[in-house]
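S.K.: Based on these hints, arrange chain B on the given structure of chain A.
In the order they appear, the protein sequences are chains A and B.
Under numbering that gives the first Met the number 0, the first residue of the first sequence is numbered 0, with each subsequent residue one higher.
Under numbering that gives the first Met the number 0, the first residue of the second sequence is numbered 0, with each subsequent residue one higher.
Everything labelled a hint here was simulated from the structure, so no lab data went into it.
Every residue gets a Cβ at the ideal spot worked out from N, C-alpha and C, and that includes glycine.
Be aware that a few hints might be false.
[As the list claims (entries may be wrong)] Part of the chain B face toward chain A, derived, beta carbon under 8 Å:
#	residue
1	Gln60
2	Cys71
3	Arg72
4	Leu75
5	Gln82
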Amino acid sequence: MAGAGGGGNDIQWCFSQVKGAVDDDVAEADIISTVEFNHSGELLATGDKGGRVVIFQQEQENKIQSLSRGEYNVYSTFQSHEPEFDYLKSLEIEEKINKIRWLPQKNAAQFLLSTNDKTIKLWKISERDKRPEGYNLKEEDGRYRDPSTVTTLRVPVLRPMDLMVEASPRRIFANAHTYHINSISSNSDYETYLSADDLRINLWHLEITDRSFNIVDIKPANMEELTEVITAAEFHPNSCNTFVYSSSKGTIRLCDMRASALCDRHSKLFEEPEDPSNRSFFSEIISSISDVKFSHSGRYMMTRDYLSVKIWDLNMENRPVETYQVHEYLRSKLCSLYENDCIFDKFECCWNGSDSVVMTGSYNNFFRMFDRNTKRDITLEASRENNKPRTVLKPRKVCASGKRKKDEISVDSLDFNKKILHTAWHPKENIIAVATTNNLYIFQDKVN
Amino acid sequence: MGEEEGLHQTQLLDTMFVRGLKRKCFDGEEDIEGTLAGFKAIPSYNLQRQSLLDMSLVKLQLCHMLVEPNLCRSVLIANTVRQIQEEMTQDGTWQMINTQSAGQTSLDRLVSTDILCRSSKEQAEGKLVPVYSTFTKDCEGTQSQDNSEIMSTVTSPQAPRNLQSNMWEMENPQENRGNFQKSLDQIFETLENKSPNTVEDLFSEVDNSYYDLDTVLTGMMSNTKMGHCDVLETFPSQTTANSNSNCKSDLNELDHIVEILVES
Numbered sequence: 000m001a002g003a004g005g006g007g008n009d010i011q012w013c014f015s016q017v018k019g020a021v022d023d024d025v026a027e028a029d030i031i032s033t034v035e036f037n038h039s040g041e042l043l044a045t046g047d048k049g050g051r052v053v054i055f056q057q058e059q060e061n062k063i064q065s066l067s068r069g070e071y072n073v074y075s076t077f078q079s080h081e082p083e084f085d086y087l088k089s090l091e092i093e094e095k096i097n098k099i100r101w102l103p104q105k106n107a108a109q110f111l112l113s114t115n116d117k118t119i120k121l122w123k124i125s126e127r128d129k130r131p132e133g134y135n136l137k138e139e140d141g142r143y144r145d146p147s148t149v150t151t152l153r154v155p156v157l158r159p160m161d162l163m164v165e166a167s168p169r170r171i172f173a174n175a176h177t178y179h180i181n182s183i184s185s186n187s188d189y190e191t192y193l194s195a196d197d198l199r200i201n202l203w204h205l206e207i208t209d210r211s212f213n214i215v216d217i218k219p220a221n222m223e224e225l226t227e228v229i230t231a232a233e234f235h236p237n238s239c240n241t242f243v244y245s246s247s248k249g250t251i252r253l254c255d256m257r258a259s260a261l262c263d264r265h266s267k268l269f270e271e272p273e274d275p276s277n278r279s280f281f282s283e284i285i286s287s288i289s290d291v292k293f294s295h296s297g298r299y300m301m302t303r304d305y306l307s308v309k310i311w312d313l314n315m316e317n318r319p320v321e322t323y324q325v326h327e328y329l330r331s332k333l334c335s336l337y338e339n340d341c342i343f344d345k346f347e348c349c350w351n352g353s354d355s356v357v358m359t360g361s362y363n364n365f366f367r368m369f370d371r372n373t374k375r376d377i378t379l380e381a382s383r384e385n386n387k388p389r390t391v392l393k394p395r396k397v398c399a400s401g402k403r404k405k406d407e408i409s410v411d412s413l414d415f416n417k418k419i420l421h422t423a424w425h426p427k428e429n430i431i432a433v434a435t436t437n438n439l440y441i442f443q444d445k446v447n
Numbered sequence: 000m001g002e003e004e005g006l007h008q009t010q011l012l013d014t015m016f017v018r019g020l021k022r023k024c025f026d027g028e029e030d031i032e033g034t035l036a037g038f039k040a041i042p043s044y045n046l047q048r049q050s051l052l053d054m055s056l057v058k059l060q061l062c063h064m065l066v067e068p069n070l071c072r073s074v075l076i077a078n079t080v081r082q083i084q085e086e087m088t089q090d091g092t093w094q095m096i097n098t099q100s101a102g103q104t105s106l107d108r109l110v111s112t113d114i115l116c117r118s119s120k121e122q123a124e125g126k127l128v129p130v131y132s133t134f135t136k137d138c139e140g141t142q143s144q145d146n147s148e149i150m151s152t153v154t155s156p157q158a159p160r161n162l163q164s165n166m167w168e169m170e171n172p173q174e175n176r177g178n179f180q181k182s183l184d185q186i187f188e189t190l191e192n193k194s195p196n197t198v199e200d201l202f203s204e205v206d207n208s209y210y211d212l213d214t215v216l217t218g219m220m221s222n223t224k225m226g227h228c229d230v231l232e233t234f235p236s237q238t239t240a241n242s243n244s245n246c247k248s249d250l251n252e253l254d255h256i257v258e259i260l261v262e263s
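Okay, chain A solo, but in the shape it has when bound (with noise of 0.2 Å):
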């Protein structure tokens, strides 16, 4: 797969789709919160502050033949979650899909997860383009016959229809919470997956509903002396026993179940020392992590703090290997970003298909990926002045500080209020898909 932008053999970008209402005036519950390729890349599932699940799935048609890889359309719409009322706490459970997780394609059917605050859902989501035809005790219509008036049998023949994509609840996992869910993570096992919130992390089997193994739990015995909160947590792509989570500390730990039922203690603690000379009162809260991922291969894990990006060799625990700069120039603004709350914004990161390129969101509906291998990075707008198909994004640029140039954007102009939080990237294929608050955008890299 080729690297993130740039010039010479460096992929372009370019304008594919975008999904969502036009105008400004956003609803608060068109709030994309979640963004998810599945594992063959065909389907595209978003979910929202109002609990909905949207999938788009690819065109399959005319691949060969076509300009543009094929588009992605509806496929399925439904209402995940519905708000609740706690009525021991006296609180509102908010129905908004925190995540979606696909589970690896086992039939003709496909099933993902999806969670919000409290409860996780497993949705099959099935086709059906035939229907039977020619039933003996009943009419076309659906009424029934007479059965005196039957002379004749019949075998019933199935006959194609319009396609019809159903969704329906197939376990509904619940009351295992009492913090908010954060994180969802399914098992290479095909079997089990994980679900984390704030203090502990579970361990579900698919087909078991009223139980559930809580394996880490760092609710401290006295909450007066709660510091440090979890903040992601992932199932490791290939050992099926392996799994890692994020602190709001900035550290991550990675846990083999087979050490210990509960897996309070780590097997491997990933911290970078703190570089002493940008200590401030907000360095604990830059260095939270907001997401981790771990590569295709497995050999590595990313994670998202504030202010970076950095990739961690699973075998190496004192520093990661790789940091990337996501948008430095606001280290020098962190106060008025801890004031209008901006600083705990939680931006998300992916990997691409070959793990060679990894991009994650920004301010003022900036997104950044950066290759691996060239060392180069790239900033993109998502923005609906650029949306006529196969147009090339044009990199932006912000300037820290001093003489502006042409085109750059100063770093006080940014629109702090379009965040990219949520992307997710093609996992074979160089197509993106980036949410601002409330529009999808689809990228592709530019087909000769």
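M.R.: Just chain B, lined up with the frame of chain A:
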């Protein structure tokens, strides 16, 4: 110098409460780093640090009525407050404030997350406004009596008599103000022990400790549509004492019941 600083402080506070305008915050990263050099830099550093502390406490106090506050965010803000307090204790600023409050022992233990998150919420609305109106009159953060009161109010659980919330008083009416820390421990111990009303609750798998504070203090489980702030404001003081002592006796009763059940 005092007046100028006072005005500057007000402006800072103004900017804190005004949202959506493009402005430059003091953004004193450079200042904070260079602070050890030169005595002149220190007052403004203190001011910045004070503003940050106040900002953090405001953040902790704002609670969402219907939706649970984000635990990660609360913990990070509380840690920031603790960091500031630690630094202030180290450079003596904190000590100064404590000795000015009558007869209270200084805060050896740093304020815990829960206290910061809860007690700040409890001292909501009614307490917040007078605090900030007093504060704007002040210039230097460390010198005046007014300011020390404010510091104690918003930052320390050892609140001066007139500003201490009913809750703490009712929990431990006999407690010396100086033993406040001990009384806080007691409170949290009580709360951590599940105080269920039925035997079923005792065996429930649901973790109750997260909302025990609410149920113990309010004595009502079915209070809908009230967040932490509202409930504690309207709460009559008598009930608190009763419910707390009831909890302890309930627990003893329950032990007794369980004993009987187990033996049978």
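S.K.: Indicate, hint by hint, whether the structure satisfies it.
M.R.: Results of checking the hints against the structure:
Annotation: Gln60(B) was flagged as interfacial toward chain A, and the flag is violated, the nearest CB pair being 14 Å apart, outside 8 Å. Restraint check, Cys71(B) versus chain A: the minimum CB separation of about 5 Å is within 8 Å; hint holds. For Arg72(B), the shortest C-beta to C-beta distance to chain A is roughly 5 Å, which falls under 8 Å, so the interface hint holds. Taken as an interface hint, Leu75(B) checks out: its beta carbon lies about 5 Å from the nearest beta carbon of chain A, inside 8 Å.
The beta carbon of Gln82(B) comes within 6 Å of a beta carbon in chain A, closer than 8 Å, and the hint placing it at the interface holds.
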